[in-house]
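Student: Chain residues, written in single-letter form:
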Amino acid sequence: MKAFDRVNPVAKLAAALAVGLCLVLTIDWVSAAVALTLELVAFAALRVPFRIVWTRTAVVWIAAPLTAVTIALYGQPSGQVYFEFSLVHVTDGSLTLALATGLRVLAIGLPAVVLFIGIDPTELADGLAQRVRLPERFVLGALAGFRLVGLFGDDWRSVAVARRARGVADNGSIGRLFGQGFALLVLAIRRGSTLATAMEARGFGSSTPRTWARSSPWGGREWLVAASGIAVGAAAIAASVAAGTWNFIVG
Amino acid sequence: MSNHHPGAPASVTVAGWGWRHAGRIAWAVRELDLRIEPGERVLLLGESGAGKSTLLSALAGVLGADSGESEGSLLVDGASPLPGRAGLVLQDPDSQVILARVGDDVAFGCENLGVPRDEIWVRVRESLSAVGLDVGLDRATSALSGGQKQRLVIAGALAMRTGLLLLDEPTANLDATGVTDVTDAVARALAATGATLVVVEHRVSVWRELVDRVIVLGATGVIADGTPARVLSGSGAQLAARGVWVSEHPTTPPRRRMVAATQPLEQAMGLGIGRGAVPIGRELELTVESGRCLAVTGANGSGKTTLALTLAGLLPPISGRLEALPPLAGRIGPSPIRWRSRQLLTRIGTVFQNPEHQFLSSSVRAELEVGPRALRLTPAETTARVDELLTRLRLDSLAAANPFTLSGGEKRRLSVATALATRPRVLVLDEPTFGQDSRTWSELVGLLAELLDDGSAIVAATHDQDFVHALADETLALS
Amino acid sequence: MVDIVVASVIGVASGLVFVVWNIVSVPATAPLAALLPGLQALGGGLWLFAGVLTGLVVRKPGAAAFGELLAAAVSALIGNQWGALTLLSGLTQGLGAEIVFAAFLYANFRMSGAILAGAGAGLAMAITDLTVWYPGSAVPFAVIYTVSGVIGGAVLAGLLSWLTARGLARAGVLSRFAIGRESAARV
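Residue numbers (the numbering used here), protein chains in the order written: chain R, 45 to 295; chain G, 14 to 492; chain Z, -19 to 167.
It is worth saying that the hints were derived from the structure and are not from the lab. All values derive from a computational prediction rather than experimental measurement. You may find that some hints are simply not true.
Over 10 Å on every C-beta distance to chain R, these chain Z residues come out as not near it, computed from the model [what the hints assert, rightly or not]: (1) Pro11; (2) Ala82; (3) Phe89; (4) Thr126.
Pair by pair, the computed Cβ-Cβ distance ranges are [as the list claims (entries may be wrong)]: (5) Z:Leu143 to G:Arg138: 45 to 55 Å; (6) G:Gly289 to R:Leu221: 13 to 23 Å; (7) R:Leu195 to G:Ser410: 27 to 37 Å.
The C-beta atom is built at its ideal place from N, Cα and C for all residues, glycine as well.
For reference, chain R alone in the conformation it holds in the complex (with noise of 0.2 Å):
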């Protein structure tokens, strides 16, 4: 995992955004399944740290389930039906769509997770900047703001702690928690925009054309990690063309 980490995360966004699109554009099991086995074999290649994806994948492996017992319970009805009530049909045709649709939330969810952990933010933010060419400003400003709200910890803390000080904390736990955003929302804003005048006295947003102290690497194991996001992508397009399960989301 270690030479896996050091890949540009540029290359990292574009082969789990390349599975996703590929996968976005055809409702079906086959191409699904394909990708989510291909995602698997790779994860054990690259040995994956099991305890820490199992915890950031938790979010996906719930919503799986839960997406497709939708689409089972409300989806096209088609072919045989087994339970009606009201707005609700359970069918053949549903309950292959659930599938489908339950294998295509892991198959686009667990990539992007494991792809995405322990990505530098400075890193992505450079890669963004120097090889996708986004507006420098755009990339950088929105690195500090990054970086200014995920110092925030010690401070919500501290107005939690503050807020039993002053007699409220003993209930109204929804209320509380929007006022404790909206003052830490404040407490951010001022600091952000003090940040931005420190960051205009440097020079910052000038028109004079700007240099990189920090090269964004991008090289064959780049291309790799990228064009492996592809090859999965296009494996599950080809492979549910070829068992005649290609379901175009349009129409």
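Given chain R, put chains G and Z in place with the hints provided.
Tutor: For chains G and Z alone, coordinates are given in the frame of chain R:
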């Protein structure tokens, strides 16, 4: 036509300059005439609102044309100030650090100026050693102390080879070590580059040795201008009255009527404190008594805040015992952490280091009403208490203002007032005199002395030695 | 310059709220789905406020899209059930709000403008979700989902954002923006 040579000390020429922020009626600065020679080191003094920060922002080139209107001329090295030509260091260390690693942050300014990559890293290493920050290029910036962060900002300015260094209250939020960090870094930076220095601060003693000229700004422009000795002896009294810390005019400690009979209110035996599972201090023994002030001192990270919050019933003790005795606890249990939030209000009030963490409402009056309302007091009683506090803490003219819009000193007074609204027997304060000018400081100390005379107990976590001398009856030094 | 940094702060902070809502929405909107299939989209409004709020504060072309996209990026990078396609949602939802602001020529930032922008984002969300995640759904579900999405967007993204923006202006942190000067007294 600019005569700017990168790295050469810059000159500043201000003629009839004025600035009005967008949306305001009053001018922030008007009719200012000033000349600073290359290599001069100037300390800029004056009351809040005299326009010092505005002047520094203008010199740094960050007052955008769309954020207000100007009149007259303001020139750095004979040309309009450009952003990136002057180094600007502001008050809050946390909002000036841009990137996550030390080396990257220092390199930021160079990147913006278009310096070639190899040259950038040469300058980064040079600047870091010039300011005395040797923590390695990969060190996380979030792990630095306040003083170290300010050193980092100065290093960033140095790396840009600026000829003008502008500091806007750089030590206001720092403890004693941090203050030394900054003055040391500035002294070294100036020794290395000979740049022109303009520093705004209300603690004069810190900068006295370093500067060769003091300028005092007032509403009508420059009030005094000359060597430190002359200005301070000439206008020293005036300045002290305006809140500047002048060592020739020290603040007088408050007079206290020492209450003879004191009652122990809270007792800690073998107390261990910490956050989460991490213990910070252990085997602490202390007693909080009515009419007495206990000061908790120690270096950064020694656990002053943690101890204060534990005594206030906001953090659980990790080991040992913390007991609230019957005069304080009344009929509820002896363990403050188990009390309900409302029960804390009349027993232990807390004033946090950052007043903004405590603000709940959109007006000062509503803010003061929060406590009494939580206690279910009658509207008449609530109004009476709020009015009394507004007058006592000089907040009446601000009763309708939003708490976040108050100045630093006003926010501090408001947070103390909100704690007092419920008349707690014990008042816990975390760094109450952080960054205060001398006038606000005296007011606060006077108020606390009155509270002590009335029989309250005070616990203060502080690194302010003047505060300790003025008020503390007992000191607990944490290590 | 301050526009971009403040927009980023709002975007990232919203992204963190999204991360929490990603998880909480699952049990919170389940009862809605049981009541009427598709009604769970009412809760979807809480994923749309980033764009509207950024648009209301910054008031420049592209602000809404940037804010929503950044929030979605934060949500994606931390990890959620939609993977890299969160970026797609962020883009369409941001554009949904942006298009409404643009239709008013960036001149209507009152409550009505905010609510309509939220509704626009909600519509975009519904279209995206139904195409990408629920392509096999029956017509009644799709209709209920879309209507709920629009309403959820109007209220949770539009109204809530407008109130938040006003609160922020009153707290004095937006003095460098036009919205801050509207609320501040002339002094």
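Student: Flag every earlier hint the structure violates by its number, smallest first.
Tutor: The structure breaks none of the hints.
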